[in-house]
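For the sequence shown, our numbering assigns the number 1 to the initial residue and increments by one for each residue that follows.
These are calculated hints, taken from the structure and not from any lab test.
Be a bit skeptical, because a hint or two may be false.
[Said to hold, decoys possible] In silico DSSO-like cross-links for lysine-lysine, where the CA-CA straight-line distance does not exceed 27 Å: (1) K36 / K49; (2) K4 / K49; (3) K39 / K16; (4) K27 / K16; (5) K36 / K16; (6) K33 / K49; (7) K16 / K4; (8) K27 / K38.
[Stated by the list, open to error] Beta-carbon label-pair distances, calculated as ranges: (9) E5 / V28: 30 to 40 Å; (10) S59 / A29: 14 to 24 Å; (11) I43 / S20: 19 to 29 Å; (12) D14 / A51: 35 to 45 Å; (13) W17 / D55: 17 to 27 Å; (14) A52 / T11: 14 to 24 Å.
Glycine included, every Cβ here is placed at the ideal spot set by N, Cα and C.
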Amino acid sequence: MTTKEYMHCTTSIDPKWLVSAAPSFFKVADAGKLSKRKKAERIQPLYNKFAAEDDWRLSAQKRQGRGGGGGTWG
Numbered sequence: 001m002t003t004k005e006y007m008h009c010t011t012s013i014d015p016k017w018l019v020s021a022a023p024s025f026f027k028v029a030d031a032g033k034l035s036k037r038k039k040a041e042r043i044q045p046l047y048n049k050f051a052a053e054d055d056w057r058l059s060a061q062k063r064q065g066r067g068g069g070g071g072t073w074g
């Protein structure tokens, strides 16, 4: 046992769902109004020595037939 609470079950979600599920927290940004710095930002995944290099990419999951989502939202 530990003194911390950890999440045991997770799933990947389609980012478009965030706007409809939690509009007070997320909004769609206008691509024309993003700064050069924001456009150049890249998401760096957390390191996982057991996962393939591009396993975290949704496009790679779709190519492999995994879909990239849990299917919860239809």
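Okay, the hints, checked on the actual structure:
no., hint, verdict
1, K36 / K49, "32 Å, violated"
2, K4 / K49, "24 Å, holds"
3, K39 / K16, "18 Å, holds"
4, K27 / K16, "9 Å, holds"
5, K36 / K16, "23 Å, holds"
6, K33 / K49, "37 Å, violated"
7, K16 / K4, "31 Å, violated"
8, K27 / K38, "15 Å, holds"
9, E5 / V28: 30 to 40 Å, "32 Å, holds"
10, S59 / A29: 14 to 24 Å, "20 Å, holds"
11, I43 / S20: 19 to 29 Å, "21 Å, holds"
12, D14 / A51: 35 to 45 Å, "20 Å, violated"
13, W17 / D55: 17 to 27 Å, "21 Å, holds"
14, A52 / T11: 14 to 24 Å, "19 Å, holds"
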